[in-house]
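Offset between the sequence shown (1-based) and the numbering used here: plus 158.
Don't read these hints as lab results, they were simulated from the structure. Note that the structure is a prediction, hence the values are computed from the model and not measured. Heads up, a few of these hints could be off.
[Claimed, not checked] With a cut-off of at most 25 Å between alpha-carbon atoms, the simulated DMTMM-like pairs for lysine to aspartate or glutamate come out as follows:
id : residue 1 : residue 2
1  : Lys176    : Asp232
2  : Lys176    : Asp204
3  : Lys218    : Asp204
4  : Lys176    : Glu189
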Amino acid sequence: MSLAHQIVDVLLESPQFKTLKKARRSLDEPERQQAVKAGCTWNFTDKPTCAIWKAVVNGKTWYCSHTHRCFAADKTLKAAINSYHKTVEPSS
159 MSLAHQIVDV
169 LLESPQFKTL
179 KKARRSLDEP
189 ERQQAVKAGC
199 TWNFTDKPTC
209 AIWKAVVNGK
219 TWYCSHTHRC
229 FAADKTLKAA
239 INSYHKTVEP
249 SS
């Protein structure tokens, strides 16, 4: 990542989408269960897929969800669940 991108990421509240995607990690099992229980799933296959993922950038954890139209990055899983239902899911 270039220095310019790192500076922009620091200045913005959340990092850029491509930065988050590069730092993507799996949710812990309790986090995944909480997101699935809250209805944050994509049902494109026989088995529903959790629609929230996390990334760790500069020691900070971000919970994210996206479609081809938009994305949301939040500091907590609860906020990510709300963003999914209010913004991301309706855009799909």
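The hints, checked one at a time:
A C-alpha spacing of about 15 Å is found between Lys176 and Asp232, which places the hinted pair at or below 25 Å, so the restraint holds. This hinted pair does not check out: Lys176 and Asp204 have alpha carbons roughly 29 Å apart, beyond 25 Å. Taking the CA atoms of Lys218 and Asp204, the gap is about 34 Å. The hint is violated against a cut of 25 Å. Of the supplied pair hints, the one linking Lys176 and Glu189 holds, its CA atoms being roughly 23 Å apart against a limit of 25 Å.
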